[in-house]
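Take a look at the letters that make up each chain.
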Amino acid sequence: MIKVLFFGPVAERVGASEVQVKFHAGMILQDVRAHLQALHPEAFEIVCFAAVNGAHIHDMSLPLADYSEVVFMSRFSGG
Amino acid sequence: MIKVLFFGPVAERVGASEVQVKFHAGMILQDVRAHLQALHPEAFEIVCFAAVNGAHIHDMSLPLADYSEVVFMSRFSGG
Amino acid sequence: MKDAVRIQQEDFSQDEEIKALQASSKRMGGIATFIGCARDFSEGREVTEISFDAYGSMAVAEMNKLRDEAMTRFGLLDARIVHRVGVIGAGEQIVFIAAGAEHRAPALQACHWLIDELKQCVPIWKKEVTPQGDAWVTPHP
Amino acid sequence: MKDAVRIQQEDFSQDEEIKALQASSKRMGGIATFIGCARDFSEGREVTEISFDAYGSMAVAEMNKLRDEAMTRFGLLDARIVHRVGVIGAGEQIVFIAAGAEHRAPALQACHWLIDELKQCVPIWKKEVTPQGDAWVTPHP
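Line by line, the protein sequences are chains A, B, C and D.
The first sequence begins at 2 in our numbering and counts up by one.
The second sequence begins at 2 in our numbering and counts up by one.
The third sequence begins at 440 in our numbering and counts up by one.
The fourth sequence begins at 440 in our numbering and counts up by one.
Note that these hints are calculated values from the structure, not bench results.
Treat the hints with care, since some could be wrong.
[To be verified] Within a straight-line C-alpha distance of at most 25 Å, the following computed BS3-like cross-link-like pairs (lysine-lysine) qualify:
hint, chain 1, residue 1, chain 2, residue 2
1, D, 441, C, 458
2, C, 441, D, 458
3, C, 558, D, 465
4, D, 458, C, 458
5, D, 441, D, 558
[Stated by the list, open to error] Derived coverage of chain B by chain D (criterion: at least 3 residues anywhere in the stretch with Cβ under 8 Å from a Cβ of chain D; other residues may be distant):
hint, segment
6, 9-15
7, 73-79
[Stated by the list, open to error] Only part of the chain D face toward chain C is listed, based on derived beta-carbon distances under 10 Å:
hint, residue
8, 453
9, 454
10, 455
11, 464
12, 466
13, 473
14, 478
15, 541
16, 550
17, 555
Ideal Cβ positions, reconstructed from N, Cα and C, are used throughout, including at glycine.
With the hints as constraints, model all of the structure from the sequences given.
Set out below in structure tokens:
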């Protein structure tokens with residue numbers, strides 16, 4: 002199982018701060034993104050960054066391990 | 002009478018923080034400076050700025066009024 | 440002593456933070472700080488409060504990375520970064536940055552660099568609560 | 440409330456100064472501060488304390504002029520400048536500058552400008568007290 006987290010404006014558009022995506026062998030980050038984007042197109046309009054296990058990831062072809070924590074994030078507005 | 006003040010390193014070299022200089026009609030700032038420089042040459046080696054009544058003065062030909070407050074100062078080192 | 444890098448709901452004290460910073464070295468000649476505050480007015484709208492959401496674990500990790508990089512890049516003696524989350528009223532403090540160095544220029548430059556980088560790199564989002572409704576803030580690129 | 444520009448013997452509190460600064464406007468989004476501290480080491484010599492002499496009336500007048508100019512030049516909402524005189528131990532605070540603006544860049548720039556100008560224009564002199572004797576500090580040109 003992949004745990005996917007959402008925060009701030011993305012969480013508001015998804016309507017949840019956490020969803021689970023079923024893991025399968027050979028899964029890459031782009032698979033999770035494509036799956037969720039189809040379900041929540043409006044939320045993914047504002048997604049700019051992704052993180053896996055707390056690290057920024059730019060390469061959507063990154064292979065995922067089971068139980069990874071994935072986050073899709075909009076532009077930050079802290080400070 | 003002209004009141005002349007010294008601070009910090011200049012006061013230390015003069016050996017006083019205040020001296021009086023006798024006023025005379027037509028007196029200019031340079032007169033006071035020349036008089037004191039002759040008495041305290043070592044102090045005036047480090048003098049960089051002069052003030053009259055609390056305002057920076059660059060023109061040594063400034064006429065002085067009786068009871069003016071004159072200060073000869075070294076480079077500042079506050080902060 | 441409190442951690443040099445923190446995310447917390449409660450307010451912070453500059454006096455406490457500065458004391459903690461100074462405790463790291465008596466060679467510290469200059470301390471620059473930045474405090475970000477909740478304004479009561481933004482882009483023409485009255486703002487009654489600001490609500491913050493954060494990806495806490497990653498935010499703290501990113502803030503620690505920024506602190507480490509600033510220490511090296513500007514030769515700091517110490518630095519601290521505190522960001523509040525939750526609901527913050529108009530006029531209240533949001534974020535605190537302090538940079539201490541032997542001389543003033545690197546402290547001032549590091550402080551400016553840290554707040555600019557924090558806004559770019561740290562996963563925190565703000566929502567402005569106004570009488571006309573709430574709105575997530577879209578940062579200017 | 441204490442004056443925004445002061446010369447005093449006693450220590451100051453950042454919390455108090457920041458509160459006073461913030462009280463001037465709820466539109467203040469960024470506050471930059473600079474604190475100068477007495478180092479225990481300077482140009483290779485151990486320093487036990489620093490003693491300050493000031494031409495008080497002119498120093499306060501010059502600090503007020505700097506504050507006014509910074510307010511206009513950087514569009515600040517408020518600014519404060521406090522400088523201590525007398526004898527200050529190693530590690531203690533000497534000078535405090537705070538600049539508050541709607542946004543962070545002018546606050547940070549004004550704070551840097553104010554401490555640079557203060558060192559140039561304000562008639563205050565420091566003497567370092569070391570185990571080898573006292574020495575007035577000659578500023579680098």
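Hints and how they fare:
no.: 1; hint: D/441 to C/458; verdict: holds (22 Å)
no.: 2; hint: C/441 to D/458; verdict: holds (22 Å)
no.: 3; hint: C/558 to D/465; verdict: holds (21 Å)
no.: 4; hint: D/458 to C/458; verdict: holds (18 Å)
no.: 5; hint: D/441 to D/558; verdict: holds (23 Å)
no.: 6; hint: 9-15; verdict: holds (count 4)
no.: 7; hint: 73-79; verdict: holds (count 6)
no.: 8; hint: 453; verdict: holds (4 Å)
no.: 9; hint: 454; verdict: holds (5 Å)
no.: 10; hint: 455; verdict: holds (8 Å)
no.: 11; hint: 464; verdict: holds (9 Å)
no.: 12; hint: 466; verdict: holds (5 Å)
no.: 13; hint: 473; verdict: holds (5 Å)
no.: 14; hint: 478; verdict: holds (5 Å)
no.: 15; hint: 541; verdict: holds (7 Å)
no.: 16; hint: 550; verdict: holds (7 Å)
no.: 17; hint: 555; verdict: holds (8 Å)
Of the hints listed earlier, there is not a single one the structure fails to meet.
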